[in-house]
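*Asks:* As they're listed, the protein sequences go chains A and B. Under UniProt numbering, the first residue of the first sequence is numbered 1, with each subsequent residue one higher. Under UniProt numbering, the first residue of the second sequence is numbered 1, with each subsequent residue one higher.
Hints are not guaranteed to be accurate.
Here chain B is said to cover these stretches of chain A; the calculated rule only asks that three of the stretch's residues, wherever they fall, bring their Cβ under 8 angstroms from a Cβ of chain B [stated by the list, open to error]:
| hint | region |
| --- | --- |
| 1 | 56-64 |
| 2 | 109-121 |
| 3 | 144-153 |
| 4 | 173-184 |
| 5 | 189-195 |
| 6 | 268-279 |
Straight-line C-alpha distance at most 27 angstroms; calculated BS3-like pairs for lysine-lysine [claimed, not checked]:
| hint | chain 1 | residue 1 | chain 2 | residue 2 |
| --- | --- | --- | --- | --- |
| 7 | A | K25 | B | K215 |
| 8 | A | K37 | B | K102 |
| 9 | B | K215 | B | K293 |
| 10 | A | K102 | B | K37 |
| 11 | A | K311 | A | K293 |
| 12 | B | K313 | B | K215 |
| 13 | A | K25 | B | K102 |
| 14 | B | K25 | A | K102 |
Hints in this document: simulated from the structure, not taken from any laboratory. Bear in mind that the values here come from a model prediction, so they are computed numbers and not experimental data. The C-beta atom is built at its ideal place from N, Cα and C for all residues, glycine as well.
Single-letter residue listing:
2 protein chains.
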Amino acid sequence: MASVSLVEDLSARIRELEEELSREKAKERSGRPLIQKMSAEVLDTNPYSRLMALKRMGIVKDYEQIRTFTVAVVGVGGVGSVTAEMLTRCGIGKLLLFDYDKVELANMNRLFFQPYQAGLSKVQAAEHTLRNINPDVQFEVHNYNITTLDNFQHFMDRISNGALEEGKPVDLVLSCVDNFEARMAINTACNELGQIWMESGVSENAVSGHIQLMKPGETACFACAPPLVVAANIDERTLKREGVCAASLPTTMGVVAGILVQNVLKYLLNFGTVSFYLGYNAMQDFFPTMAMKPNPNCDDKNCRKQQEEYKRKEAAHPKQEVIVEEEEIIHEDNEWGIELVSEVSEEELKAASGPIPDLPEGITVAYTIPSKENELPAAETVEDLEQSLEELMAKMRNI
Amino acid sequence: MASVSLVEDLSARIRELEEELSREKAKERSGRPLIQKMSAEVLDTNPYSRLMALKRMGIVKDYEQIRTFTVAVVGVGGVGSVTAEMLTRCGIGKLLLFDYDKVELANMNRLFFQPYQAGLSKVQAAEHTLRNINPDVQFEVHNYNITTLDNFQHFMDRISNGALEEGKPVDLVLSCVDNFEARMAINTACNELGQIWMESGVSENAVSGHIQLMKPGETACFACAPPLVVAANIDERTLKREGVCAASLPTTMGVVAGILVQNVLKYLLNFGTVSFYLGYNAMQDFFPTMAMKPNPNCDDKNCRKQQEEYKRKEAAHPKQEVIVEEEEIIHEDNEWGIELVSEVSEEELKAASGPIPDLPEGITVAYTIPSKENELPAAETVEDLEQSLEELMAKMRNI
Numbered sequence: 001m002a003s004v005s006l007v008e009d010l011s012a013r014i015r016e017l018e019e020e021l022s023r024e025k026a027k028e029r030s031g032r033p034l035i036q037k038m039s040a041e042v043l044d045t046n047p048y049s050r051l052m053a054l055k056r057m058g059i060v061k062d063y064e065q066i067r068t069f070t071v072a073v074v075g076v077g078g079v080g081s082v083t084a085e086m087l088t089r090c091g092i093g094k095l096l097l098f099d100y101d102k103v104e105l106a107n108m109n110r111l112f113f114q115p116y117q118a119g120l121s122k123v124q125a126a127e128h129t130l131r132n133i134n135p136d137v138q139f140e141v142h143n144y145n146i147t148t149l150d151n152f153q154h155f156m157d158r159i160s161n162g163a164l165e166e167g168k169p170v171d172l173v174l175s176c177v178d179n180f181e182a183r184m185a186i187n188t189a190c191n192e193l194g195q196i197w198m199e200s201g202v203s204e205n206a207v208s209g210h211i212q213l214m215k216p217g218e219t220a221c222f223a224c225a226p227p228l229v230v231a232a233n234i235d236e237r238t239l240k241r242e243g244v245c246a247a248s249l250p251t252t253m254g255v256v257a258g259i260l261v262q263n264v265l266k267y268l269l270n271f272g273t274v275s276f277y278l279g280y281n282a283m284q285d286f287f288p289t290m291a292m293k294p295n296p297n298c299d300d301k302n303c304r305k306q307q308e309e310y311k312r313k314e315a316a317h318p319k320q321e322v323i324v325e326e327e328e329i330i331h332e333d334n335e336w337g338i339e340l341v342s343e344v345s346e347e348e349l350k351a352a353s354g355p356i357p358d359l360p361e362g363i364t365v366a367y368t369i370p371s372k373e374n375e376l377p378a379a380e381t382v383e384d385l386e387q388s389l390e391e392l393m394a395k396m397r398n399i
Numbered sequence: 001m002a003s004v005s006l007v008e009d010l011s012a013r014i015r016e017l018e019e020e021l022s023r024e025k026a027k028e029r030s031g032r033p034l035i036q037k038m039s040a041e042v043l044d045t046n047p048y049s050r051l052m053a054l055k056r057m058g059i060v061k062d063y064e065q066i067r068t069f070t071v072a073v074v075g076v077g078g079v080g081s082v083t084a085e086m087l088t089r090c091g092i093g094k095l096l097l098f099d100y101d102k103v104e105l106a107n108m109n110r111l112f113f114q115p116y117q118a119g120l121s122k123v124q125a126a127e128h129t130l131r132n133i134n135p136d137v138q139f140e141v142h143n144y145n146i147t148t149l150d151n152f153q154h155f156m157d158r159i160s161n162g163a164l165e166e167g168k169p170v171d172l173v174l175s176c177v178d179n180f181e182a183r184m185a186i187n188t189a190c191n192e193l194g195q196i197w198m199e200s201g202v203s204e205n206a207v208s209g210h211i212q213l214m215k216p217g218e219t220a221c222f223a224c225a226p227p228l229v230v231a232a233n234i235d236e237r238t239l240k241r242e243g244v245c246a247a248s249l250p251t252t253m254g255v256v257a258g259i260l261v262q263n264v265l266k267y268l269l270n271f272g273t274v275s276f277y278l279g280y281n282a283m284q285d286f287f288p289t290m291a292m293k294p295n296p297n298c299d300d301k302n303c304r305k306q307q308e309e310y311k312r313k314e315a316a317h318p319k320q321e322v323i324v325e326e327e328e329i330i331h332e333d334n335e336w337g338i339e340l341v342s343e344v345s346e347e348e349l350k351a352a353s354g355p356i357p358d359l360p361e362g363i364t365v366a367y368t369i370p371s372k373e374n375e376l377p378a379a380e381t382v383e384d385l386e387q388s389l390e391e392l393m394a395k396m397r398n399i
């Protein structure tokens, strides 16, 4: 038998511990209460005041509209996680996140994830952090690889039906993946569905990146231009096993996420000029822009179908689109029918390419041209590609 | 009297709660163990593998050197907090943080701080998060306003002596402040100490920003060119009281922090081209670069002294610096002696300016020219300034 005072002491200790635990949990979990209506009121407690100020500043007409949009982010790594955080802080209506990877300490050289999250799935960890940051945003996360057959069907279904109003398609798909296969899967899905999307990428040497807006039928799709591969026919597991990994920097990935979400905001909220392609070369602080027309002979039949549809619409309502149509340069000897509209000179593009790294056999630079027969030199960067599409075409014809 | 089994139950509950509490605390506080030596080994548990890969990629010769550098970040807001996080994740040796503000929910539209931190001082909250992210970095934080007399002296002392090796100056000072007075204080300190620093800024309409490298005596200082003010003679408290606040976006601030830290890495680790000035206009995705020579008639006597010293050094070791000297354009009718070397045309600069917001009386756009006698129109942006320095000089002569 024990004394009453002992029981009282133990009970007091339990209450003490429970209180401390609830304080500790509150720190992380209850960020702030829900906000039903965005307000422009200038209060320290209003998380939307500086966004709503965009209206008074004459930048955005109707900022509140942001709450009606749904964006799917595929890949929640160095670029995708920051992209999701920016959209969350801007008060987007709903985010769909797709990734099948786990957080590792090896990811700590980029923004967003923290060491205590190592081992958690990226989508779960991201959802937890993002809900704390802005509980007004709706989240739907999928912890799977979109490139397997079943998952691809489910992915197609969710981007077709996963908007705020279930049954409606998302407003935009953002590709923040790090491999060719996943980019091709997104491209295939968006061509079939006529879904507008944006592509993003960072080179394996960490010092360049790009974003690209894809409008099926109107702009080049990912299959229209010769494919750009991160590591030809080698998956990341192999890379790791061989003791080789891509370089990455929080700076480059932060800039790419920043210009990506800026383009998303301009597209959704209708301000400024939406870029079709914006590159970032960190070595020279050079930012090339361009627009690319679709390839009439694209391998993707849905891309060709969308092109036909776009032409029909254009014929019915001419002069809808301005930017791609303007300053058109036709490369007459280009049998792929791809047209580049570059706003920079060839010299500028040439000056912008970084050094070509010395890599082990089988590993190539990000966005290099895969050589089926190993007949092409391994290291050609995207800048080389942009520099001279004709040259590239000539080489491919010879394969 | 109570039963033994009750005491056992209570004790078990206490153990359970203690375990849960320690797990909860561990989540936040013990991010990862210290790492004595940076390694390039490709392991999921190595937070430096993707940074050390910059060496194999041929970008950086000696990445480990990052651990020997100390950087001071003044202002831990939308740009400064992300700047500090990027440097922390890159494994910088030591960070000094200066800010006197508290975290507010109104800051949640930018990256880094989270709602549960509202009410904490920015430097404390930042130190806590950054230590969890990378315990290898040393932190020194100062929760004060650098512009008051005593604090300014202490600030001068810490940038002169606060390096990893106490008594040595920091390697770089980064200005991430949001007001004219603080920028001028940093400028005064760095001119007196001959301390190299970088300036950053984001406009009040949230859609443009810039970074600038300042080398006392070699480049224009903040007092050389006509001052650029956030809100002329009105402090932020007044702005808030009147129900007016500046707009801000996580995208623009993320991009500015990204290009700032990229410039820091290029400067410290000696790769790529370090930019003297890099602007970002989000409306047009336009990124002007330029370099500015110091004004021989600068109001700051220490700037003039540093100019003399630089000239003496230049005469002793000619051809040390290339970029500022190259492509020099002399504006002959410019009595301030300021020389602009712009890599963009006037048309491009003109095209890059966003709309001028409709603001209440007394409030002007970021980086406008303060009018002493209210004789100048209130809304002239930095783009206008860059566009035509001569025009501006003519106006100032007329005052």
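*Asks:* Run every hint past the structure and note whether it holds.
*Replies:* Quick rundown of the hints versus the structure:
1. For the region 56-64 of chain A, the stated coverage by chain B holds: 4 residues have a C-beta nearer than 8 angstroms to a C-beta of that chain, and at least 3 were required.
2. Coverage of a stretch by a chain is defined here by at least three residues with a beta carbon nearer than 8 angstroms to that chain's beta carbons; for the region 109-121 of chain A and chain B the count is 7, and the condition holds.
3. Requiring three or more residues with a Cβ within less than 8 angstroms of a Cβ of chain B, the coverage given for the region 144-153 of chain A is violated, as only 0 such residues are present.
4. As drawn, the region 173-184 of chain A meets chain B at 0 residues by the rule of a beta-carbon pair under 8 angstroms; below three, the given contact is violated.
5. A stretch counts as covered by a chain when three or more of its residues have a beta carbon under 8 angstroms from one of that chain; for the region 189-195 of chain A and chain B the count is 0, and the coverage is violated.
6. A stretch counts as covered by a chain when three or more of its residues have a beta carbon under 8 angstroms from one of that chain; for the region 268-279 of chain A and chain B the count is 5, and the coverage holds.
7. Pair hint A/K25 plus B/K215 does not hold up; C-alpha atoms about 47 angstroms apart against a cutoff of 27 angstroms.
8. Under the criterion of a C-alpha separation no larger than 27 angstroms, the hint pairing A/K37 with B/K102 is consistent with the structure, at around 25 angstroms.
9. For the proposed pair B/K215 and B/K293, the alpha carbon gap of about 10 angstroms is at most 27 angstroms, so the pair holds.
10. Note on A/K102 and B/K37: the hinted pairing holds, with a Cα-Cα distance of about 25 angstroms set against a maximum of 27 angstroms.
11. Our distance criterion of 27 angstroms between C-alpha atoms is met by A/K311 and A/K293, whose separation comes to about 12 angstroms.
12. For the given pair, B/K313 sits about 14 angstroms from B/K215 by alpha-carbon distance, which is consistent with the 27 angstroms threshold.
13. Between A/K25 and B/K102 the alpha-carbon distance is near 22 angstroms, which keeps this suggested pair within the 27 angstroms criterion.
14. Under the criterion of a C-alpha separation no larger than 27 angstroms, the hint pairing B/K25 with A/K102 is consistent with the structure, at around 22 angstroms.
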